[in-house]
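Engineer: Next come the chains, spelled out residue by residue.
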Amino acid sequence: MTVISLKAHRAVPDESASQSVPSEVQGASARVRLGMERNRCTPPELHVERAVSVTHCYRETEGLSLFTRRGRMLQRIVSEHSVQIQQGELIVGMKTLTPRGSPVFPEINCSWVERDLDRLATRSSTPFFVSDRTKQILRAEVFPYWKDRQISDRITAAVPADIWRADERGLIYNYFRSRTIGHINAGYDKVLTKGMAGIVADVEGSLSRLDKQDRDCVHKRQFLESVILACEAGVSLAGRYAAETLRLAAAEPDPLRQAELERTAAILNRVPAKPAVTFQEALQSFWMTHLMINLETDGHAFGPGRFDQYLYPYYRHSIDSGEITQSHAQELVDLIWVKFDEITLAKDSGEAQTSSSYPEFQNLNIGGLTRAGHDAVNEVSYLCLDALEHTMLPQPGLSAQIASLTPPKFLLRCCEVLRLGTGMPAMFNADSMVLGMVNRGKTLGDARASSLNGCVATFCGGKDRMASSGYFNLAKALELALNNGVDRLTGEVLGPQTGDPRDFTCFEEVVAAFKVQVEHFVALKVRYDNTVRDIYARYCPVPFTSAVIDDCIANAVDWHSGGSHYKIATMSGVAVGTVADALSAIRKHVFDNHTVGMAELIDALDCNWKGQEILRQTLVNKTPHYGNDDAFADELAVRVQDIFCTAVESHRDTQGAQYWVDLLPTTSHIALGELTGATPDGRQAMAWLSEGVSPVQGHDWKGPTASNRSVAKLDHARTNGTLLNIKISPQTVKSDRDLHNLAALIRAYFAQGGFHMQFNIIDRKILLDAMDRPELHRDLLIRVAGYSDYFVLLSKEIQQEILSRAEHGL
Amino acid sequence: MQRKGLVFDIRSYAIHDGPGLRTTVFLKGCPLHCVWCCNPESQTDSPDLLWLAEHCLNCDLCRSVCPRGALNTPPQGGKSVALELCDHCGACVNQCPGDALNLMGRWLTVEEVLAEVMKDALCFENSGGGLTLSGGEPMAQAAFATDLLRSYKREEKGLHTVMETCGVAEWASFQRLAEDVDLFLYDIKHMDPVEHLRLTGRDNRLILDNASALAQMGREIVIRLPLIPGKNDSEANLIATAEFVRKLPGVNRIDILPYHRLGEPKYRRLGLPYALAGISSLGNECAESAQQLLQRFGLEVRIGG
Ligand code: SF4
Ligand code: SF4
Chain A
26 MTVISLKAHR AVPDESASQS VPSEVQGASA RVRLGMERNR CTPPELHVER
76 AVSVTHCYRE TEGLSLFTRR GRMLQRIVSE HSVQIQQGEL IVGMKTLTPR
126 GSPVFPEINC SWVERDLDRL ATRSSTPFFV SDRTKQILRA EVFPYWKDRQ
176 ISDRITAAVP ADIWRADERG LIYNYFRSRT IGHINAGYDK VLTKGMAGIV
226 ADVEGSLSRL DKQDRDCVHK RQFLESVILA CEAGVSLAGR YAAETLRLAA
276 AEPDPLRQAE LERTAAILNR VPAKPAVTFQ EALQSFWMTH LMINLETDGH
326 AFGPGRFDQY LYPYYRHSID SGEITQSHAQ ELVDLIWVKF DEITLAKDSG
376 EAQTSSSYPE FQNLNIGGLT RAGHDAVNEV SYLCLDALEH TMLPQPGLSA
426 QIASLTPPKF LLRCCEVLRL GTGMPAMFNA DSMVLGMVNR GKTLGDARAS
476 SLNGCVATFC GGKDRMASSG YFNLAKALEL ALNNGVDRLT GEVLGPQTGD
526 PRDFTCFEEV VAAFKVQVEH FVALKVRYDN TVRDIYARYC PVPFTSAVID
576 DCIANAVDWH SGGSHYKIAT MSGVAVGTVA DALSAIRKHV FDNHTVGMAE
626 LIDALDCNWK GQEILRQTLV NKTPHYGNDD AFADELAVRV QDIFCTAVES
676 HRDTQGAQYW VDLLPTTSHI ALGELTGATP DGRQAMAWLS EGVSPVQGHD
726 WKGPTASNRS VAKLDHARTN GTLLNIKISP QTVKSDRDLH NLAALIRAYF
776 AQGGFHMQFN IIDRKILLDA MDRPELHRDL LIRVAGYSDY FVLLSKEIQQ
826 EILSRAEHGL
Chain B
315 MQRKGLVFDI RSYAIHDGPG LRTTVFLKGC PLHCVWCCNP ESQTDSPDLL
365 WLAEHCLNCD LCRSVCPRGA LNTPPQGGKS VALELCDHCG ACVNQCPGDA
415 LNLMGRWLTV EEVLAEVMKD ALCFENSGGG LTLSGGEPMA QAAFATDLLR
465 SYKREEKGLH TVMETCGVAE WASFQRLAED VDLFLYDIKH MDPVEHLRLT
515 GRDNRLILDN ASALAQMGRE IVIRLPLIPG KNDSEANLIA TAEFVRKLPG
565 VNRIDILPYH RLGEPKYRRL GLPYALAGIS SLGNECAESA QQLLQRFGLE
615 VRIGG
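One line per chain: the protein sequences are A and B, in this order. Counted from 1, the first sequence has number 175 at position 150 by the numbering used here; the numbering is strictly sequential. Counted from 1, the second sequence has number 455 at position 141 by the numbering used here; the numbering is strictly sequential.
Hints were generated in silico from the structure; no laboratory data involved. Quick reminder that beta carbons are idealized off the backbone N, C-alpha and C, glycines included. A few of these clues could be false.
Said to hold, decoys possible - Derived DEER-like restraints, expressed as beta-carbon distance ranges: (1) Ser-429/A with Gly-391/B: 34 to 42 Å; (2) Ser-675/A with Gly-391/B: 57 to 65 Å; (3) Ala-405/B with Met-417/A: 31 to 39 Å; (4) Gly-52/A with Gln-489/B: 53 to 61 Å; (5) Ile-695/A with Cys-403/B: 25 to 33 Å; (6) Arg-762/A with Lys-318/B: 31 to 39 Å; (7) Arg-789/A with Cys-403/B: 39 to 47 Å; (8) Glu-674/A with Arg-490/B: 52 to 60 Å.
As the list claims (entries may be wrong) - Cross-link-like lysine to aspartate or glutamate pairs, in silico, EDC-like; alpha carbons within 16 Å at most: (9) Lys-647/A with Asp-413/B; (10) Lys-318/B with Glu-368/B; (11) Lys-433/B with Asp-655/A; (12) Lys-245/A with Asp-227/A; (13) Lys-821/A with Glu-368/B.
What the hints assert, rightly or not - Simulated coverage check for chain B against chain A, where a stretch passes if three residues somewhere in it have a Cβ under 8 Å from a Cβ of chain A: (14) 430-437; (15) 516-527.
Full structure from sequences and hints, please.
Structural biologist: Structure below.
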């Protein structure tokens, strides 16, 4: 293993400082490049430190209240955290000893670590290096203590068998069965404006208002005191970094670097304890807060949210006072990008497959609306776009909120960055988001101040709890409806007996059976979620997170127990497109045209189309598909969404939060597809399902505008987020004129109510895949010099030629 | 009875057929027969039945449904259509499970075409795009094209219009619709009448006259030059083209369309021979040197258009 030497702390010559070039034309500075290189060269590693601190602390505090223990745990983690300042850094603080490392969260789930420990370094998806010393300490000091104490063991014991079976068979998937709920959009602005000291003052106020008659008074006091412990931990983490920075400064031969280190130390002595004043203070305070959240629990999607909004006042102050230059500000933002890229988390191998990448969904938003409904784009928004351009890092996930009033300049700059090929920024419709948030009970101002979290979930930063509980496989529900409740792959009875489909006499009976299956499993999933959520509420208080989310302090209720101002629960529907196409095939061929018998179709599904290729191809090719602005199929997609939403919206969780739907798959459409038998749209058993709200892969052959019109027919505002992927060939975004066209495509989709779009620039990989698996890429339109055709229709020889052109941007 | 046009494709998100996001309507039929044509299915003025070997499952369903016995399976395999028997009823196409059979060309009314085109009105509005008429040669169905453009412009309050044309039509036909076309993308394939005849089947007199007349009328024109290695890329021809274009009032842009072989598979699908079999696509350097030469005449020259 190569670990970059962290010993040298020389100042990195700053090329930009010596030249008076405007910042737009400069790339990343030398120290930014150094950080990127360091992240790139350091293999992700599993670190034992946090696990040891936590285990020791839990051992030593047995008998105390869990709130106190969690507060003490944070203090212990911080006091034993190995403090590292890396070469050239201006903003400091690391989650683990090496960049891109992962701690272990034994109190939540270490059984998977125990199980996978020897394979973790060699597994195909997101491997983590584990040293022998780490293995030995984990086995000797950590694993034995947590048997039956860790949360995952409690969940395993509490979840009934029928729910586990539905999970294993791919009907539902709960991603906080193996780690915490995550999806934290902290009120970073609160830390910036009040400092930890201000938050502690709030806690003291809340303590003084406690009503002794309240039978929860003791609990509430313990909780509030734990919040104080947590805030103190945050301050002492900064203090430890300050001390180390000063120590290095004293030994630093280079006076330039020495001054930098001294400045950083001074900043760390002020924030996050006190309110930030300068831009660098604000960024450092933000980062310490972000680190504390990352050290407290292991959920994913700890989102920085409306970054450009809460940082702007500090940027303005520092620029106006002449304290920093524009290019210095840019470098600081670039450096924060490098810090985001340091964050990873080792996941259970099962989950590593459903979300198969290192990035931890740190969704950073720019643009959108102010609380008053005006354009929110500011200079920091552009700094963020430049940071992405300079670093091309996969983290943070950059999201641009586009409202109808967003200036064209900003949208065009987003498009320009987009064509670099990182797939970012993802584009979001701020107007649709506001509509949806108001529908879900947010005030208008809060709705406008909302952000995207995770991939596409919407969130009111600093006052929300959105327990996104995982996936619901709509295609599997249809499978059960077409098999009288029996799993086609295993033959087990899973769902209610909705009748032998061979006896269905009209299309509505198919829909009715589907509806029954959906309702049944939605209710089952709600039970699942509640069981899991209650375990977190009971066994995993999060005092630091509670400190930075309103109104946990005012209510004296922990965030995991529902203390936040807003709370909702969501369920992610997967395979709307597959189900719509499947229903369309049944309606058209079985009930409208009577050209295929229901029994014939069911038999073909049973044997996974064996010997039925002609039938299968007929269903694929002669069925109206969702994604082509065809009313016949699109109406069915709308109905599928409605059935799912209606079922989900009829539930509340045990903390009183209303359930809502979102339609995003991460990469679960692959894993859940593997557990789903053949479907009437001609899909083979175990093949991919459709993704997000996107049409079935290769079925939207009428081009992106028609596809977008179809997708926009879904009720996006009724969901907590939808996801649409679009492939574009590099040639379509070459000139400035092309950027205007891309912007127009986005505006048109948003004007129709669409919520989110992300773009994959077609590269070699996609083309190669299209040669291998043409059936998934029938929509791949290739444009070469004024001519266009579907890639998969071209001969191998011509495909090769296009492939070689793809290397030079088509 | 409403006039119908023979349309072989309507393609949305066309971004290379004029400004902005556009929908291009391809009308069938062409008076020229350029040897390099990449849309050979667009040349004839009747629907064509296309068979894609790659998609055929050899189920023979097509033959069993054909009411006129027009489909055959030749001994070497594949499908052949007896053109004199087939009346383009589409029965085989509707049946074909592999989507191996396609009918290129449908008779549509102006209303039917516009219903499809106007679906993208929001995209047009946001991008300054609109309707493009292409072919084949749209002027081969001049009366239909005139009605279509007029309805789009006047009744639908349509936005920008473009016509891609090779310029072969009676001047009177151009005169009738010119006002409703905001931009002509006008092909000039060769300046020498004899060469032109050899490469396309006709001389270029009408083409050059119409170009001059449209320019006189003050219509906006961009000249398109498909550049075919060894056919029309000689220096002499480039110079002659530049000199002609320079004299057209108000016209000063030429788009070079470098030759590529992507149309070749279509010839195979149609069972037609490909005349340029031995010629490879035009390299970037050739296109660029042509660009430089033309620029010397003070013209704006783009590659790819
Ligand atoms: S119906 Fe289609 S797939 Fe079957 S033999 Fe005819 S062309 Fe081939
Ligand atoms: S289009 Fe009609 S007539 Fe022509 S081959 Fe097909 S079925 Fe026969």
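Engineer: Hints first: check each against the structure and report whether it holds.
Structural biologist: Now the hints, each set against the structure:
1. Ser-429/A with Gly-391/B: 34 to 42 Å: 57 Å, violated
2. Ser-675/A with Gly-391/B: 57 to 65 Å: Holds - the Cβ-Cβ distance for Ser-675/A and Gly-391/B, about 58 Å, lies within 57 to 65 Å.
3. Ala-405/B with Met-417/A: 31 to 39 Å: 54 Å Cβ-Cβ, so the 31 to 39 Å window is violated.
4. Gly-52/A with Gln-489/B: 53 to 61 Å: This hint holds: roughly 56 Å between Cβ atoms.
5. Ile-695/A with Cys-403/B: 25 to 33 Å: At roughly 43 Å between Cβ atoms, Cys-403/B and Ile-695/A fall outside 25 to 33 Å, so the hint is violated.
6. Arg-762/A with Lys-318/B: 31 to 39 Å: 35 Å, holds
7. Arg-789/A with Cys-403/B: 39 to 47 Å: Holds, since Arg-789/A and Cys-403/B (Cβ atoms, about 44 Å apart) stay within the stated range.
8. Glu-674/A with Arg-490/B: 52 to 60 Å: 58 Å, holds
9. Lys-647/A with Asp-413/B: At roughly 8 Å apart (the allowed maximum being 16 Å), Asp-413/B and Lys-647/A satisfy the hint.
10. Lys-318/B with Glu-368/B: 33 Å, violated
11. Lys-433/B with Asp-655/A: Distance ~11 Å between Lys-433/B and Asp-655/A Cα, so the pair holds.
12. Lys-245/A with Asp-227/A: OK: Lys-245/A and Asp-227/A at ~14 Å, within 16 Å.
13. Lys-821/A with Glu-368/B: 11 Å, holds
14. 430-437: Our answer is that it holds, as 4 residues pass the Cβ test (under 8 Å) against chain A, meeting three.
15. 516-527: violated (count 0)
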